[in-house]
Structure formats: structure tokens, C-alpha cells
Amino acid sequence: MGGRVRFLGVRHHSPACARLVADTIAELRPAYVLVEGPADMNGRLDELLLGHDLPVAVFSHYRDADRAATSWTPLCAYSPEWVALTAGRAAGAEVSFIDLPAWHPAFAERTNRYAEAELRYARATERLCERFAVDSVDALWDRLFEVEPADGLGERLDAYFDLVRGDAEAEPGDVAREAYMASWVRAAVRAAGGRPVLVVTGGFHTPALRGLAGADAGAPGGTVTDGWPEVPVPGVGALAGSYLVPYSYRQLDAFAGYQSGMPSPGYYEQVWERGPEEAADALVRAVTGRLRARGHPVSTADLVAARALTEGLTLLRGHSRPARTDVLDGLASALITDDLDVPLPWTGRGELAVGTHPVVVEMVAACSGDRVGRLHPDTPAPPLVHEVAALLAVLGIRSDRPLTLDLGSGRGLERSRVLHRLRVLGVPGHERVAGPEHGADPVFTERWEPADRTGRDAALVEAGSYGARLDEAAAAALTERARDAGREGLAGALFDAVLCGVDAVSDRLLSELASGVAELKDPGALGEVLATALGLWRHDRVFGAARGRLLGAVVSGAALRGLWLLEGLRGAPGVDLGRLRAVVALRDACAYAPELVPVPREAVAAAAHRISRDEEAPADLRGAAFALHRTLAQPGDGRMPHGNDRAPEAGATGVGAASTAAPGATPDANATAGTGVAPDTGATADAHAAPAAAATGCTLGGVPEDARTGTGDEPGAPSVSRAAADEVLALGRGGEFLGDWLAGLFAVARDQVARAVGPAGGGSLVGVLDSLVGAMSDEEFLVALPSLRQAFALFPPRERERIARQLLERRSLRGSARSLLRTGADPLVVARGRTLERSVDDLLVRHRLDAARPRTDRTAHEGAPE
Amino acid sequence: MSVDHLTAEQESLQRPPAEVRYADELAALRAEDTGPRPPGWALSLRAARRFVVGDEESRVSRKFVGNPSLVDRALVTLATNRGLMLVGEPGTAKSLLSELIAAAVSGTSTLTVQGGAATTEDQIKYGWNYALLVSEGPSKRSLVPAPMLRGMAEGQVVRFEEITRCPPEVQDCLLSLLSERVVAVPELEGPEGMVFARQGFNVIATANTRDRGVNEMSAALKRRFNFETVFPIPDLDTELALVEAEATALLARSGVTVAPERDVLEVLVGTFRELRADGGGQPDRLSAVMSTAEAVSVAHAVGVRGWFLRGEAGSAADVAACLAGTAAKDSPEDLARLRRYLEQQVSRRRGPQWTALYDARHLLDG
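So the sequences go chain by chain: Z and L. Going by our numbering, the residue at position 308 of the first sequence is 383; the numbering climbs one at a time, nothing skipped. Going by our numbering, the residue at position 331 of the second sequence is 449; the numbering climbs one at a time, nothing skipped.
Bound-form chain L, shown alone (with noise of 0.2 Å):
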């Protein structure tokens, strides 16, 4: 990614928005996209899918590791009149794909609504300013718009996070929304009490099946969605680089100068992979996420805990005392889990790494 062009203002945010750090790539498709584009949006279909999957030629990073399809389906869904649900385990880079899309589509990520069990109406379509409600009555400038409303007045793509998490009642506010595409704010009167979507409006939601899941969401919502469902990433090799650089960068970041061994790695993600399987000697998952994100974690926690304490790159035994924190975290069931997994499936593994990690278990009780 290239930050050169970062104001001194956005350099010191923690974290800055896909369309800042990216402002260079989006430009440039911008500038070379010939092909049509739906109405609406910021970039036609194929450059906004080469903005997501990369493209080598006209150096467009790339920014999602998955299947090319699931992008494609994506943006297709999203070009109809249907909203985008993002499925998946946590940590399977759904908020980041959805973040990405989101730039593309409309140059803007930030619609975005946060759900949570708080979460009510007021913070989907829009809220007052109550002390000039009081003063003035109702009009369009005490209405305080909240994400859907901007998006569907501005035309532009709204991003609701982990939509499952909000009570079924304030998931179903969205039914009308997404199928008559208009929002309706009897406080207004005349022309104003009507607010229709501009082309170019559309949801992405993003829903984690650790949660209360999809299950539980109305069939007429689920009806007005696409379901596309993220996977942990499929190979070996892909996830162990991911983990790898974004390790590297975080322990960079944390002032440690030394970058992470790579069989340390690869007993860490191979121990990941194999907590995360479903089946193949390992019938009942851990409740915890073993996602490539509590792994990039995890490695950061080992290279913390190998530099600050001993001078050196984590160790094997750094990863059997940090998997207690951060993946079992306060599950008893998670940690005698993990234990058994360090007794049965890691004493068989052949390396010294991996005997490294057995011969380390008893750190696992902390």
C-alpha cells in the first residue's frame, strides 16, 4: 500500500478508511475504467473487481484472499436489487471485504451502522437534534440522518456490521427499506416526508455464525438478501504469507526489530488450521475463532513476548503460552480442548518445532 500521499492528519489516524488508503489505486482504475458502469456507481463492475482481487498490470494490490468468484458474485448481487449478507466464522475478513466493496462501489466506506443488542432505529434511518426539535418542531434541520438514510439519499452503498447481533424486530425496520427502496418520516410533511433511494443505494450486510446467526432473521429479510458465505482461507501456504506480513508488520509497529521465524509460524497457523477443521481427527470444534486474524494475534502476542522478554524471535514455547490467552480465552471447555489437542495430536508431529510445542504444554496452564 502506498501512504505517500496521506495528509499529516490521516497519517496519525490508527486506521484509516479503504478509499484514503487506497486513494491512489482508486484513482487510477478510476481514470482508465472505459467499461459501463451501473448507474450510480463509482467504477464499472471490472474495475471495481480488480480493485478488490488485484490486478498485476496496472498494479492494483491485492487486497482479499479468497475465491475470485465470491467477489464477482458480490458485486453482481449488489448491482441488482437485492442486499449482500456476508456470512462466515469471525475473523474471515467479511468487515474488510465489505469495507473494500464499499469503496469501490460508492468511493465511500463509511456508511456504516454498528450492530449490536443497543442498537435501535434512531441509528439506521435517522434521529433528531432534540433541542431544535424542541425549538422548531420537526424539520429536515433537526432531523439528524443516520447511514441508511444518507445512503439512500446520496445513492451511495451503507455497510451494516454484524446485522445478526441487533434484536429481530430492528433487523426487520429494514424489510420496506430494501424492498420499496424508500424511507418514510411522518414527522416531515409535503415532498420531505418521503425520502427515496438515489441509484447507486444498496446494503451490505455482514453476519458472524458464531452469533445468534442467520437463523434467526426473518425469512422476508433473508428473502431480500444474497447470502454469500467467507471461508477461512483454503491453503496452507496462502494463509502462512498472510499471517506471516501482517505479523511482521504489526511487530514492526510495536518496536520489534527482529521478524518472526518461519517454522514458528508454520506451527502456529498448522496448529490454527487444525483447531479450526471440522472432522479429520477433530470432532467438536473450540468455541473460540481459530481465525487467520487471532492467529496474525496470536504471532504478534509470541514475537511481543520473545523480543521484550528474551531478546530473540518467539518460540515454539511462546506460542504454547500465548494459546491459552488468546485462543482459549476464559473457556475451561476451550483450554482441556487445547490441552488435549497438545497431548494427543502434537506429540505424534515430527520437527523440532512441533516437539518444541509439545514439550511446552505445561505453559498452557499459564
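With the rest of the complex left out, here is chain Z (with noise of 0.2 Å):
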């Protein structure tokens, strides 16, 4: 019975193997095309040749409850598979798909049902590859059989893919499937009574096919009805099914690793309509137009070039006529003169690296093509158009009148899911005015008003092609766009997975965020991220987000991720609140989160003692590191010392608040510093001491440091600020680099240090700060003003009350420390004032003019205005 079959071993994609089923139908005449592909699709054959535009795929989901897949059976026009439906319709024979149902578990972990076989069976084809000495096996396939003569090609397709299988142990899915196919076979056999029959699969299956085909009708391979083979059913409880979906050249192109299949499909699309040699041409043409599109000059000299080394490369490879790879090396050596940060995309496989040359983006985006499919109009609309419309109405969502939800109760955040589902993936009608921003924001209520529906169907079909269900779909809208977002868009794309409520559904989602924390280079994006992230995770009841695997799985790579950027950064000096605040996100994660910190506590308290020592690390930041490494290190139960369970975004918040008070003039303990050349103030306060602003006796060193009668409750607290204090001393820097290093302090322990100075405190701190100031030079305290101001602006200003009592106490004056904080005049004048009197000073020095002026600026002495 062999004699009247004939198999046709296949690559999906291919124009040559197209080719070959076209002129093998036409030939042969055959009874009954078989064709790889779903067989649960048979019954509706009809819907698939109503007349698309391709490409088109049949998009086949499945979920019950222990797992959930989807996939994708992706036809072009250049497709074997496409060209056997077609050519047998039209030759008359019976076509079917004799491949079990996507949803079988035999394509388990399989996203395209026409992704290349022998990708997974790399032994043959590294060796065959290293034989050939070309790159990759799509290059090895074009030399063997695109570019080659149509003549003896069935002969040289079976030899390689029996080279191919040859030893390789065929998975445990790939042998169900070859079995099913098989007994499709022989049906067929049986039925075309000597009738030929052709069966197009995957050249990888046809070595095993033909042994299979030939063995005894009763093989296992599935019960048979009526003599064809019964297409097998999904479980009772388990969600299936199958539906056109229109698609496009790019998510063609887009399949990685183990899922894809022929790149290029623009290009491919060319060599089967016109042959490879103009295919060849107009590559070059796109690639030309596209580059001067964009504005990268491309000299005539450059395309005489470039032809020159096509034409030499095909003769070396010993091509009949220019392959892809001949034409793209020849334009790639003749168009770069860089040197390149990735190699080029074609010599491997997989997505376009990170740090493409722009040139060869645009080389790979001309081979890509644009073109996108289109469903015939009488297409059955895929479920998710039904699953939306009935979500629709049983949440009550009209399209015509604006929504106010209440995010806290349960059915106000499920349609507001929906509707941020729908968002996401690009479907209009409705629009969102207001509602939370971000992770930390505390609005619990959104608005929604109704928008232009122009386009909605559309996009509900093509959303379609992303899930059966609203929300995988969204799920996977969302992979695909963390994928392509880039650094920038990582924080948005994360909240907007939270506001989707999709995270639990999708893991290539979690691995794409992930993934994609791993790479942000600024630490200030990573803080953001980490405390957003570790924030949800805690605290989230709105979203049912809290101790989720997505927002788990991002504060673990951002805390790992962090820990490594702040060892190794340096920088100007100056406050920066986003490292900052990086910082403290990482302190929070380390004290709430431990579980998903990957590296364990010592390790990171390790890392922010060599911050902290690091003379070439920024100021800010090795006064955070210390902080950090003082609070990490301490004996306890992992936690902060504050039980209270303060949300991180508190400590964030902190750091925010004091960026923007900082500049401004709100009065504060320094803002007494200096009166001097404000002579209206009345008040003339002792410029000397920043934040020890109002007394006199401090300086004179009566008061004795030992006033303390009683520490703070917590045991963590004073021995974060005594240490700071030593720290502090022993660093023995003032001027910017003192007020830069306070503020990385008080950013990361502003508590310990504000309970330690309690009314009652120790103070050492304090004290240390304050002889430190005294002691400084007219000339240093003008320098060190500035940033010690920004530094105690991390304060609010109950604690800066509390501090300018302790000054108060520690000159033993009496007198409201409240009034301590309040100037007559903005602190940023006096200090302008007094740097112009200093000059003036300095003036009349230089030209012996200065014992006629009588020194003004430290005249009087008093305490605190009372």
C-alpha cells in the first residue's frame, strides 16, 4: 500500500517545500491530502478558506483545572500547510488536518504548532551546521533547498530531515502525535481504496510517519469511527476550543527559541511570489528605502558594494543564486562602519538584542515585512467578543453613561478590571479620568466616561488573538508589552498588571517584569519600582495584590538588583533623593520582605558597611549605607526597630516631602541660623549654630553632655544615632560632604535618630552636631549651610521641635522651642546677606580698610526670643 502514499516531509514556512506540495498535488492528483494541523478544526475547513487576507491563524486555547494553555497555528500564503488546503480543494480531493487538537497535553509548553521540530533536536543540526560551516540552521536550510533548484528537492528534503531524526529520541508528545497522524493515515488508505493519498507534515515526523503508516491497522493510535481516526475530546469541566484569528507578519516574526519557525516572513513571502533573486533585489530596495526614510545616508558606492559582496558570498557558499544571509551579510559589511555591540541577529536565533545597530534593526525589520492579515468579514468572531460582552452586561457597564466605582468593594474592582483590561489591550470605549496613579496613591475610587467606540469590534477580534479570556489576554497583551517597554515604561506596565488583576495569571508576565528589573541602571527608577512593588506586596487590599508572586517576584529582583547598583555607584555630590530613596526601599525590603530577598541579610549589611566606607561613594549615600548597615545589623528579629508596621512608602514619602521643602522657606531648625545683616529681625540669633540655633552658651562648651537621664524605649534607636555620632566624629568632615552625609542618615534612620533625641533623649548626636557646628569657621558654615538645611528638612517639623528643644535643654536656657524654629526672614536671604558681607569684608581686608569698620556681625549674643 506504500506505493500510494506519498509523504511529503515539510518546513513549515518554507516557499520551496510550498512550492513542492503545489507541483506534487498537481501532479499526482491525489484522492486525499492529509495536513498537519488540528483535526478538531476539520468540521469548519470552510471558515478558513472564506477568503482571508493573510496571514491568518487558528488560535486555540484550553483551560481546566490544573493547567492552562494557548496557542497558535499561524498560516501564510507561502505556508505547505496553506498551499495543500488550498491546491487539494481546488485538485478535488478530500483535505483534512490529521494532527491531535492544540489543547492535547502532547503540545504542552507549545505556544506555535508549526514551530520548527528539529529546533529541539539541536544535536543533528549543530553537527550538520558545523559540517556545512554556516551559522545557523536557517542559513544551512536556505543553502540546502531555497536557493537551490527545484530539481530532486523532495529527495534532498527526505534525506535531511532522516539525518535529522536519525538518532534522535522523539519526545514523549512527538511520538502521541506521530501515532495519531498515523492512524489518520492509514485511514485514508483504507478509504482511498488504491487512490493516491499525500500526507504534508513536519519533516521531522516522516521518517517516523512512513515506519508507522506501514505497521498493522491495529497500532494504538486512537479509536476509530466510521474507518477515519475520532478526534479526541477535551474532559468533562475543562474550556476549549479553536477560532480564526487575524494575524501578522511581525508576531510571525516574533516566536523565539523553541517556538520558532522561519524568520523573515516578509522576505519569504518574495521568493515564493517572485524567486530568490528577487526576493534578493527588493530586500536591498526596502532596506535602502527604509534607511534613507530614516535619514542614514546610503551612497550608490555603498549598493555597488554591497552587491559586489552578495555576489561574492554566493559564489563562496556556493549558492545558485543570493540566499537571505548572502544578500543581508553583503549589506551589513558594506552599510556599517561601527563596530557592533551585538552580533548580527541572523547569524543565531532568537529576539533582536538589546544594542542593535540601528542599521541592522532596519535590515531586520525590511525582512520582517508588515503586512497583517485580515479575517473575511463572515468570520465567526472569537470568544473573547462573546466572554466581553457578557462581562459587560452582567457588571451593568453601559457604553453610554460615565462610571464612578468604588475600588474597596468587590464589584466595583471587578469592573474596573474589566475596564482596565480592556485598556490594556487597546480596545476604545471607554475612558479613565481619574483614579489611582500609582502604587502608593491612596484613592480608592475611579471615574470612567465613555469615549469614541470607532474601531471597537475590530480590536475585540484582533485582541482575540491574544486570549480567549479577558483576562488572559490582557495578561498576555501585557507580556508582550513589558517585553518591548524598555526600562522606562517598567513601572507603568507593573501597575497597570495590578490594576488588571492579572498577575496570577500569567508567568511569562512575571519573568518579563522580572526580567526587565534586572536590567534599570538608575537606581532612583529601581527605588521607585522596589517600594511601589514591596509596597503593594505588603499593604495591598484594594487590588488583592498583597503577597503576590508578581509583585514578589519584582521585589526580589529589584532588592538584588539595587544592592548591586548603589555598591558600585559613584556620582557628583549633592543630595540625590532618588538613590535615596532607593535606599530606604531596600531597607524596607529587607525588614518586611525578607523571604524575597535573595541575598541573605548579612550579605546586604556587609555591602552597606563597604558603602559606607567607601571614600569615592557619594556623600548622600554612604550616610544611608551606614544608616542601613547599622539597622540591618542589629540583633532582633529582622524587623525594624519601629514595630508599628509603617508602610514604606512613609519613609519615601519622607524623602519626597523634604525635596520639596528643602528649597523653600519653611522654617525650620536652621532657619534660625543667622541673622547677622538682617537687622529688622530684631532677634539676632548666634549664626553659628545650624541647628543649635538659638543659644549662647553652647560654643563656650558649660553645658555638660551628660544630660541625658533616660533613653528612647527602643534599644535599636540610640545605638543608631550614638553610632552616627562616632561615625560623625570620626569622619571629621564638614562643609557640604556633613550635611549630604546627614541627609543619607536621616533618609534611611530618621526615626532611630528622632527617638533617640526625645525630650528626655541622649542626644549624642545632637550634641556631636552641634559643638561640630559651633566650631566652624564663619566661612565653613556658610558652605555647610545649605545642605545641612535640606538635611534636617527630612524632618517633619514636630521632630525638628523636638531637636530644637534638646538644644534649648543642652544650654539648660528655657524658652519655646517652637518660636526656635520660626525666623523673621527667609534663612536663604540671611545666608545671601551674609556671603555678600563676608565679601565685603574680605574687600576692605584686602585694601587695609578694615580696622575702620567696626565688626557688626557678632554683636550680640541672646537666647531665643521669649
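Hints are computed from structural coordinates only; laboratory data are not their basis. Glycine included, C-beta positions come from ideal geometry on N, C-alpha and C. Zero decoy hints are in this set.
Computed spacing ranges between beta-carbons, pair by pair:
hint, chain 1, residue 1, chain 2, residue 2, range
1, L, Ala-363, Z, Asp-615, 54 to 64 Å
2, Z, Ser-395, L, Glu-175, 19 to 29 Å
3, L, Lys-447, Z, Asp-141, 47 to 57 Å
4, Z, Glu-205, L, Asp-151, 15 to 25 Å
5, L, Glu-298, Z, Ser-395, 32 to 42 Å
6, L, Ala-149, Z, Gly-393, 15 to 25 Å
If you want the footprint, here are the derived chain L segments under chain Z, 3+ residues with CB under 8 Å:
hint, segment
7, 175 to 187
8, 196 to 210
9, 339 to 349
Just a few of them, taken from the derived set where beta-carbon distance is under 8 Å, the chain L residues facing chain Z:
hint, residue
10, Leu-163
11, Arg-164
12, Val-171
13, Asp-190
14, Arg-191
15, Leu-193
16, Thr-327
17, Arg-458
18, Gln-462
19, Arg-466
Dock the two chains into a complex; use the hints.
Have a look at this one:
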């Protein structure tokens, strides 16, 4: 019987194979054409042949209690399967898909039915590539089949696939599929009664099918009814289905790794329609056009050189006609006059790497083509369309009236999620005009208003290619976005995932986001992501994302990355609130989510210690790292000293608030510093005591330092404060360094410091600072003032008041600490005035006129106005 | 490689040129070479390609581990009128590739200009024997041809190593040479004053991206070259095998009789690859070069340390100790980065050798 069956082993999306299929059908006039494809579509083949604009895909989905899967069966004009389908029909043959349905466990982990199976069995192909000295299977394939003349193609294909299959031990999934497909072949042979049968399958399966189909009809491979194998049906309780969706060359080209088929669909379409020579010319034209449109010069000389190189490569490689890589290599050699950061993408497989040369990006885009498929209007709509309609009806979301949603209620959240999912899928109809803007935004209502609905139906059908259910589709769309968005869009994608409530749906989304975090380069941005994710992970009740896997993975990745970035940080002096925020976020991650931080606590503490000792690290970071080290090094249960479970955003907000407070004229401890030239204030406080603004005695050292009678209630607090005092003394540096260092310290350990300087508190840090500042010269003080102000601005007014009171106590003075914090003039104006006065003084000194002028700036030392 | 054909004199050389080391292979390839040869070439394109990428059937060894298509493009470029510029990180075997290609195409790889800050035009085109110049005046006899002039006159490939190390004005003396394919020697009169390039002449330049880089090259000169970037070996197994083979050979020559342990080499090569990678948990690259060549030299040092200090193959602790000197060199930033890598990344690794490396991290400080 074997003589009447013709097995054609093909490579999916190969124009050469498609041509072979067409020729074979014309020559053989088979009664049956059996095609590798989902057998559950057999009843609906007419749907496929309605007259769509290719590419289209059969999208299959499956979900039961244990697993969920989605997969595509993409078809384009030059797919051998598509040609078998259409040419077979036209020749009057009965055409059937003969493979297991996509939901079958044999396809577990597969998202593209027409991925090239040989990629999963790399050993044989690697050997072949080495033997032919080519870079990749794609180049090998082109060389052996696409550019060679058609005669003898069938035999060469057989030899190739026999070799590839050769010693490979097929995976169980492939074995099951082959057994099933063989049962169809046997049935067709029986039914054909001697008439020819053509079997078109992936070449990897052909050698096995040949053997199995000849075997005894009673061999296992599924039950048979009416002479034909039964199509497996999903079990009870499982939801499965297949439907047609529009597809695009971009999507076809985007599969990577084991899921990928042949690359460059745009180029191979040309090969299919016009042959390799014209496809090569078209490719050169397309690349040139794209580059020139981008303003990249492509001279005629370059094109001549590219042409010469392509011809040389074609000859050298023994191709009878230029292959894809010959053209691309020629163009690359001629057009790129730089060193590349990443290898040329066609020398391997996989997605375009970050850092690909812009010229190469255009070349790959030209190969990929931009064709987008469209379904015939009579095609049944994918289930997503129906699901969305049903969901909107159930939830009472009407397209003509605005909605105000209470996110705290179950129904409100449900409705919000549906609307957000539609939003991320790009389905028009509603627009959110108000609601939480980021993870830490304490807004619990959302408002949506009706918007333009043009294109809504088309968008829904297109979104159908992402999934059958709205949550799955939204997760798939977000995954794609997280992959493409790059670093800037990461926090947005993360928040959208939370808003959509899809974090539990998709592992791929998880890994995309986590790996995106690992590539962040700016500590500030990273701190933001970490703080947001950690906050949501710990506290979120609204979106139900607390303790979720998604946020857990992001926190994990961000903490590790943050530590890495911070330890290597160099940079300009000055306070960078972004990086301080990152340290705060790291502290919180260690404190509240130790199980998520992949580095042991001691290692984090050690790293913090190293940073704090690093002479080249910025001062603010050193202060922050010092505080982090002290906080982490404390014995305890791993919690923060203040077990009030304060939301980490509060820390971040503190830093943020400081940034607004610092430049302004907000009254604060330092504000009292310096008056001298502001005669209208009347009160002339000691210009020398920055935090110790008021008292006179301090600089004279008359106040005993051990005035403290008790310590704070937390054991950690005074230790941090005291250690910080020692550190300040040890560093022995004033000026900007001191202020920056303190800003870092306060940003991370403000609580501990504030507690330690409580009313009856030890106050060693304040004491040390007081003495330090008191000992500064006018010059030094003016330099140090702005950064000190910024540092103390990190304290809220109440705590500043406490510090001020302590200063009074140090000097055994009575008075209102609050009024100490108030000045009659903007301290910055005062400081500027003092600077001016200083330079006048200098001028006078230089011209020997100083003796004539009485010193006015330090005439009066008075206590705080009372 | 077969070395039995080498003469005693050649054998005593530390490193004979490629055409000597592989003389047998070249001879065999030439004997059975039937393909069309570009004018002035010693081998056909295909035979030259087989010489570089290897061919099991004709027992030609694989000498360059990298994408074969790179070799294709390089050879075709040389057959056109543009020069070949090999760029890439140091230690990616650019010089080896240029040597092999020159040996295959011209039969000699010794016409080499070594670029450097002190390179002058004399060393590129021609100089004079000043004793003769003074006594006889300018003549062919008193002219001392430099590699470019010789390559042009004899129709051979000239290698220009580290071209970007030369000052731009010196680089630019290649301009007319590459476009007009002629060198004028104004001191000589008559036809001798013009040296025209014969068929077969071309230039292979190498430049590494860590030096001043190709950005400072003039656009005019850039245009006369086709650029090929040579990348580090992409896959771990290939690199590991290469490091193992090279390190074993080096160790044998240093009198170490135990082969390096594979686990240790895996840790070493793994470390190098991660430190080399950009992205994926690795924001700021080391300024030192983490090339395969560097990995081989660390493996060599590790083996020497283990053997001569303790009489055994080197351990992961030796890797830590050698990394500081070999990889971080004298840069404190690199040392800090290396320490950070050991502290933060290696601590998460599983496997006894990784743990040993982590435990030995204090050795980094020497």
C-alpha cells in the first residue's frame, strides 16, 4: 500500500516546500490530502477558506483545573500547509487536518504549532551546521533548499530529515502525535482504495510516519469510527476551543527559541512569489528605502559594494542564487562602519537584542515585512468578543454613561478590572478620568467616562489573538508590552498588571517584568519600582495583590539589582533623593520581606558597610548606607526597630517631602541660623549654631554632655544615633559632606535618630553636631548651611521642634522650641546677605580698611526670643 | 597541529607564524585546490575558508572558533577593493584571524605593521638606510621598504595591528594607498618613483574597542574599510573547551603535569562570562578585559599556583587569588566590582566550586 501514499516532509513556512506541495498535488492528483494541523478544525475548514487576507492563525485555548494553554497555528500565503489545503481542494481532493488538537497534552509548553521541531533536537543540526560551516539552521536550510533549483528537492528533503531525525529520541509528545497522525494515514489509505494519498507534515515526523503508517492497522493510535480516527475531545469541566484570528508578519517573526519557525516572513513571501533573485533585489530596495527615510546615508558606492559582496558571498558559499544571509551579510559589510555591540541577529536565533545597530534593526524590519492579515467579515467572532459582551452585561457597564467605581467593593473592583483589561488591550470605548495613579496613591475610587467607540469591534477581534478570556488576553498583551517597553515603561506595566488583576494568570508576564527590573541602570528608578512593588506586596488590600507572586518576583529582582547598583555608585556630590529612596526601599525589603531578598541579610549589611566606608561613594549614599548597615546589623527578629509596621511609602514620602521643603522658606531648625545682616529681625540669634541656633553657651562648652537621663524605648534607636555620632566624629568632615551625609542618614534612619533625641533623650548625635557646627568658621558654616538645611528638612516639624528643644536643654535655657524654629526672614536671604557682607569684609581687608569698620556681625548673642 | 615538519630552527621559535605552523595543511589545500582564485591569491576563496574554519574531511583543523559567516565576509571583502577592519574587544582572536587569513590568502602573515602611539609613516610605507642615502643619494638600494610598500610591490596582504593606537594623521597615510593603490616615492626619479600595487595586495587592520576606538578614525578612512566585529565566544561549552585545551597545553609547557580540573575551569569561565556580559545583573562592565585569552592566562596561573605551591591542580581559591592580579590589574574600581560580584552574585550560586570561590573571596585582597 505504501506505493500509493506519498509522504512529503516539509519545513513550516518554507516557500520551497510550498512549491513542492503544489507541484506534487498537480502531478499526483491525490484523492486525499492529509495535512499536519488541528483535527478538531476539520469540520470548519470552510471557515478557513472564506477568503481571508493572510496571514491568519487558528488560535486554540484550553483551561481546566490543572493547566491552561494557548497556542497558534499560523498560516501565511507560502505555508506548505496552506498550499496543501487550497491546492488540494482545488484539485478535488478531500483535505483533512490529521494532528491532535492544540489543547492535547502532547502540545504542553508549545505556543506555536508550526515551530520547527528540529530545533528541539539540536544535536543533529549542530553537527550539520558545523559540517557545512554555516552559522545557523536557517542559513543551512536556505543553502540546501531555498536557493537550490527545484529538481531533486523531494529526495534532498528526505535525506535531510532522515539525518535530522536519525538518532534523536523523540519526546513523548511527538510520539503521541505521530501515532495519531499515522492512524489517519492508514484510514485514508483504506478509504482511497488504491487512489493516491498525499501526506504533508513537518519533515521531522515523516520518517516516523512512514514506519508507523505501514504498520498493522490495529496498532495503537486512537479509536476509529466510520473508518476515520476519532478526534479527541477535552475532558469534562475543561474549556477548550479554536477559532480564527487575524495575524501579522510581525507576530510570526516574533516567536523565539523552540517556538520559532522560519524568520523573515516578508522576505520569504517575495521568494514565494518571485523567486530568490527578485526577493534579494526587493530586500536591498526595502532596506535602502527604510534607511534613507530615516536619514541614514546610503550612497550608490555603498550599494555597488553591497552588491559585489553579495555576489562574492553567493559564489563562495556555493549558492546558485543569492540567499537571505548573502544579501544581509553583503549589506551589513558595506553599510556599517562601526563596531557592533551585539552580533548580527541572523547569525543566530532569537529576538533582537538590546543594542542592535540601528542599520541592522532596519534590515531585520525590512526582512520581517509589515503585512497584517484580515479576516473575512463572515468569519465567526472569537470567543473573546462574546465574553466581553457578556461580562459588560453582567457587570452593568454601559457604553453611554460614566461610571464611578468604589475600588473597595468587590463589584467595583471587578468592574474596574474589566475596564482596565480592555484598556491594555487597546479596545476603545471607555476612558479613565480619575483614579489611583501609582501603587502608593491613596485613591480608592475611579471614574470612567464613555469615549469614542470607533474600531471597537475590530480591536476586540484582534485582541482575540491574545487569548480567549479577557484576563488571559490582557496578561498576554501586558507581557508583550513589558518585553518591548524597555526600562522606562516598566513601573507602568507593573501597575497596569496590578490594576488588571492579572498577576496570577501569566508566568511569562512574571518573568518579563522580573528580567526587566534586572536591567534597570538608574538606582532612582529602581528604588521607585522596588518601593511601589513592596508597598503593594505588603499592604495592598484594594487590588488583592498583597503577597502575590508577581510582586514578590519583582521585589526579589529589584532588591538584588538595587544592592548591586548601589555598591557601584559613583557620582557628583549633592543629595540625590532618588538613590536615597532606593536605600530606603532596600531597607524596607530587608525588614518586611526578608524571604524575598535573595541575598542573606548579613551580606546586605556587609555591602552597606562597604559602601559607607567607600571614599569614592557620594556622601549622601555613604550616610544612607551607614544607617542601613546599623539598622540591619542590630540583633532582633529582623523587623525594623519601630514595629509599628509603618508603610514604606511613608519613608519614601518623607524623602519626597524633603525635596519640596528644602529649597523653600519653610521654617525649620536651621532657619534660625544667622541673622547678622537682617537688622529688622531684632532678634540676633547666634549665626554659628546651625541646628543649635539659639543658645550662646554651647560653643563655650559650658553645658555638660551627659545631661541625658534616659534613653528611648527602643534599644536600637540610641545605638544608631550614638554610632552615627561616633561616625560623624570619625569622618571629621564638615561642609557639604556633613550635610549630605546626614541627609542620607536621616533618610534611612530618621525614626531612630528622632527617638534618640527625645525630650529626655541622649542626644549624642545632636550634641556632636552642635559642637561641630559651633566650631565652624563663618566660611565653613556658609558652605555647610544649604546641605545641613536640606538634611534637617527630612524631619517633620514636630521632630524638628524636639531637636530644637533639646538644643535649648543642652544650654539649660528655657523657652519655646517652636519659636526657635521661626525666623523673621527667609534664611536663604539671610545667608545670601551674609555672603555679601563677607565679601565686603574681604575687600576691606584687602585694601587695609578693615580697622576702620566696627565688626557688626557678632555683636549680640542673645537667647531665643521669649 | 602537526609540528614534525618544522626545522630545528623553527622549532626553537616561541611562536612560529601561521604559515609555518600549518605549512602541511596549506600545502595540502593548495594541491587539491581547483576553485577559481582571485588574482594574486595563493588559494581560492573556498580553500582559504576551509583553512580558517576547518574541514574534517580534508583533515584541516578548525583554527578560529566563531561564526563561519564572519570568515566568509572577511574573505570576500579582501577580494574586493576595500580593506578589512576587524574590530572587537581585546582578546577576541582578531589578530589570530588576521594572521590566518593573511597566511591563507598570500602565503605569508609576516608583513605586519604594529600600530602604536610612536608609529610613523616610515614604518608604514618606507624609510631610508641613512648611511647609503648620504653616500649614494636616494636610490632603490638606499630605500628601506616598510610592510605596505612591500605588500604592494609583491601583491600580498598586509596586516596593520591596532590601527587605532596610531595618531589619526598617521592612519590617514593609508588613504591614497587604499584608494589609488599607489605609493609615490618622490625622492626617486623615473618609473621607480611610483610603486603600484600588484594584484593580491590588500590590508587587514585590527582595532580594539577599548582603546581610542574607531570613532576617531576619519570618515574617509572608515569608508575604505569594511568593518567586521569579532565577538567573544557565544557559548559556554565551546569557550570552556577552548580554555581547557589552551590552558592544558600552556601548563604542560610550564612543567605542570596535572591537568586543570574541569569544575574549577567551569567556575572560572563562568565568572569571566558573567563579568563580561552587559546587562542581566551586570550593569557596569569591568574596564579590564574579560576575554577568553585572559581566562586562559588565569587558568594557567591557577594551575601553576596549585602545582608549584601544593603539588595539585589549582582550586577555586586559586581562582580568587589570581583574579585580582590578572583580571582587576591595577584598577581599584575593577577590584571593587570584582569583590562586589563575589559577594553578591557568587554567594547565590550552588555547587562546591562556587561555594569554594565565595569562601575564598578574602583572597582577592592579596
